[in-house]
Amino acid sequence: EAGVAQSPRYKIIEKRQSVAFWCNPISGHATLYWYQQILGQGPKLLIQFQNNGVVDDSQLPKDRFSAERLKGVDSTLKIQPAKLEDSAVYLCASSLGAGEDTGELFFGEGSRLTVL
Amino acid sequence: GNSVTQMEGPVTLSEEAFLTINCTYTATGYPSLFWYVQYPGEGLQLLLKATKADDKGSNKGFEATYRKETTSFHLEKGSVQVSDSAVYFCALSVGGGFKTIFGAGTRLFVKA
Numbered sequence: 299e300a301g302v303a304q305s306p307r308y309k310i311i312e313k314r315q316s317v318a319f320w321c322n323p324i325s326g327h328a329t330l331y332w333y334q335q336i337l338g339q340g341p342k343l344l345i346q347f348q349n350n351g352v353v354d355d356s357q358l359p360k361d362r363f364s365a366e367r368l369k370g371v372d373s374t375l376k377i378q379p380a381k382l383e384d385s386a387v388y389l390c391a392s393s394l395g396a397g398e399d400t401g402e403l404f405f406g407e408g409s410r411l412t413v414l
Numbered sequence: 877g878n879s880v881t882q883m884e885g886p887v888t889l890s891e892e893a894f895l896t897i898n899c900t901y902t903a904t905g906y907p908s909l910f911w912y913v914q915y916p917g918e919g920l921q922l923l924l925k926a927t928k929a930d931d932k933g934s935n936k937g938f939e940a941t942y943r944k945e946t947t948s949f950h951l952e953k954g955s956v957q958v959s960d961s962a963v964y965f966c967a968l969s970v971g972g973g974f975k976t977i978f979g980a981g982t983r984l985f986v987k988a
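Protein chains in written order, with the working numbering: chain Y, 299 to 414; chain G, 877 to 988.
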């Protein structure tokens with residue numbers, strides 16, 4: 299079974315530029331999460347989708363971050379304009395999101411962003 | 877609100893030593909509790925979980941017991957190996973939507 303796919307793995311940009319990250323969850327997983335992991339810290343939830351609807355985006359800085367999951371499958375997270383403090387690893391995770399869901403999250407390898 | 881607090885690292889042990897990584901939580905309702913592990917160069921993966929009070933999760937020689945009275949979920953292993961060197965994250969999820977909140981992580985180094 300294929301895991302959660304993310305791209306790009308690494309991205310270096312200048313501040314005020316834009317960047318986009320892509321995630322393809324495990325087939326059949328209804329719930330998709332984007333987390334931000336700053337070096338030395340635990341993952342912080344940015345946004346959670348159930349199919350193509352947003353369940354929680356309370357910690358998403360909406361003035362610069364946006365995310366979509368148009369067809370309820372893959373998702374894109376965008377940052378525009380980037381700030382130095384956005385340097386982090388952006389993790390995508392998915393879960394069943396239905397009756398048999400035990401709450402286990404399946405993570406991709408992450409996209410490491412460096413803002414100069 | 878909901879939060880997870882785990883002991884700061886790094887923790888450095890010799891091979892075959894006993895490991896404890898403390899984790900306490902604050903939650904509304906009845907959370908499920910998890911330990912995730914991140915090996916060098918890899919993504920986070922589930923190590924073990926417990927979904928209700930007094931449940932014990934176990935995997936790969938690691939154990940953790942869901943203690944509601946002390947709001948704790950400490951990770952233990954009787955004899956660590958070099959291959960256990962990784963970052964360990966305690967986490968909780970609440971509600972039907974399984975919103976998952978992570979602790980800051982504890983880095984473990986095991987010396988041969």
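Don't take every hint at face value.
[Claimed, not checked] Take a look, some chain G residues computed to stay more than 12 Å from chain Y by CB distance:
(1) T888
(2) E892
(3) L895
(4) E918
(5) D960
(6) S961
(7) V963
(8) G971
(9) T976
(10) A988
[Said to hold, decoys possible] Okay, derived cross-link-like pairs now, DSS-like style, lysine-lysine, Cα gap no bigger than 25 Å in a straight line:
(11) G:K944 / G:K975
(12) G:K928 / Y:K376
(13) G:K928 / Y:K360
(14) G:K987 / Y:K342
(15) Y:K342 / G:K975
(16) Y:K369 / G:K944
[Unchecked claim] In silico contact screen, one side only, chain G against chain Y (beta carbon under 10 Å); selected entries:
(17) V887
(18) T904
(19) F910
(20) G917
(21) K925
(22) T947
(23) A962
(24) I977
(25) F978
(26) A980
(27) F985
It is worth saying that the hints were derived from the structure and are not from the lab. Built from N, CA and C at the ideal position, the CB exists for glycine as well.
Results of checking the hints against the structure:
For T888 (chain G), the condition that its CB be more than 12 Å from all CB atoms of chain Y holds, with the nearest at approximately 17 Å. Listed as outside the interface, E892 (chain G) is consistent with that label: its C-beta sits roughly 28 Å from the nearest C-beta of chain Y, beyond the 12 Å cut-off. At the 12 Å boundary, the C-beta of L895 (chain G) stays outside the reach of chain Y, the nearest C-beta of that chain being 19 Å off. In this structure E918 (chain G) is not separated from chain Y by more than 12 Å, as the shortest Cβ-Cβ distance comes to only about 7 Å.
Non-interface status of D960 (chain G) relative to chain Y is upheld: no Cβ of that chain comes within 12 Å, the nearest being about 19 Å off. Non-interface status of S961 (chain G) relative to chain Y is upheld: no Cβ of that chain comes within 12 Å, the nearest being about 17 Å off. Not every Cβ of chain Y is farther than 12 Å from the Cβ of V963 (chain G); the closest lies at roughly 9 Å, contradicting the non-interface assignment. For G971 (chain G), the requirement that its beta carbon stay farther than 12 Å from each beta carbon of chain Y is not met, with the minimum near 9 Å.
The claim that T976 (chain G) lies off the interface is violated: its Cβ sits roughly 6 Å from the closest Cβ of chain Y, which falls inside the 12 Å cut-off. Every C-beta of chain Y lies more than 12 Å from that of A988 (chain G), the closest at about 26 Å, which supports listing it as non-interface. Distance check on the hinted pair: K944 (chain G) and K975 (chain G) sit about 19 Å apart at the alpha-carbon level, within 25 Å; holds. At most 25 Å may separate the alpha-carbon atoms for a hinted pair to count; K928 (chain G) and K376 (chain Y) exceed this at roughly 37 Å.
Of the pairs offered as hints, the one joining K928 (chain G) and K360 (chain Y) is violated, with about 35 Å between alpha carbons and a cut-off of 25 Å exceeded. Between K987 (chain G) and K342 (chain Y) the alpha-carbon distance is near 31 Å, which puts this suggested pair outside the 25 Å criterion. Pair hint K342 (chain Y) plus K975 (chain G) holds up; C-alpha atoms about 11 Å apart against a cutoff of 25 Å. At roughly 40 Å between alpha-carbon atoms, K369 (chain Y) and K944 (chain G) are farther apart than 25 Å, so this suggested pair is violated.
Interface restraint check: V887 (chain G) against chain Y, minimum CB-CB distance 15 Å, threshold 10 Å, status violated. Residue-level restraint check for T904 (chain G) is violated (minimum Cβ-Cβ distance to chain Y is 15 Å; threshold 10 Å). A distance limit of 10 Å between C-beta atoms decides the matter here; for F910 (chain G) the minimum to chain Y is near 7 Å, and the interface restraint holds. This hint holds: G917 (chain G) has a C-beta 8 Å from the nearest C-beta of chain Y, less than the 10 Å allowed.
A least Cβ separation of about 7 Å between K925 (chain G) and chain Y falls short of the 10 Å threshold, and the interface hint therefore holds. Interface hint status for T947 (chain G): violated, as the beta-carbon distance to the closest one in chain Y is roughly 18 Å, over 10 Å. Annotation: A962 (chain G) was flagged as interfacial toward chain Y, and the flag is violated, the nearest CB pair being 14 Å apart, outside 10 Å. Hint status for I977 (chain G): holds, given a least beta-carbon distance of 7 Å to chain Y, under 10 Å.
A hinted interface residue such as F978 (chain G) counts as satisfied when its beta carbon comes closer than 10 Å to some beta carbon of chain Y; here the least separation is about 4 Å, so the hint holds. For the restraint placing A980 (chain G) at the interface with chain Y, the shortest Cβ-Cβ distance is roughly 5 Å, inside the 10 Å limit, so the hint holds. Among the interface hints, the one on F985 (chain G) is violated; its C-beta lies about 15 Å from the nearest C-beta in chain Y, farther than the 10 Å criterion.
The structure does not agree with the numbered hints 4, 7, 8, 9, 12, 13, 14, 16, 17, 18, 22, 23 and 27 stated previously, though it agrees with the rest.
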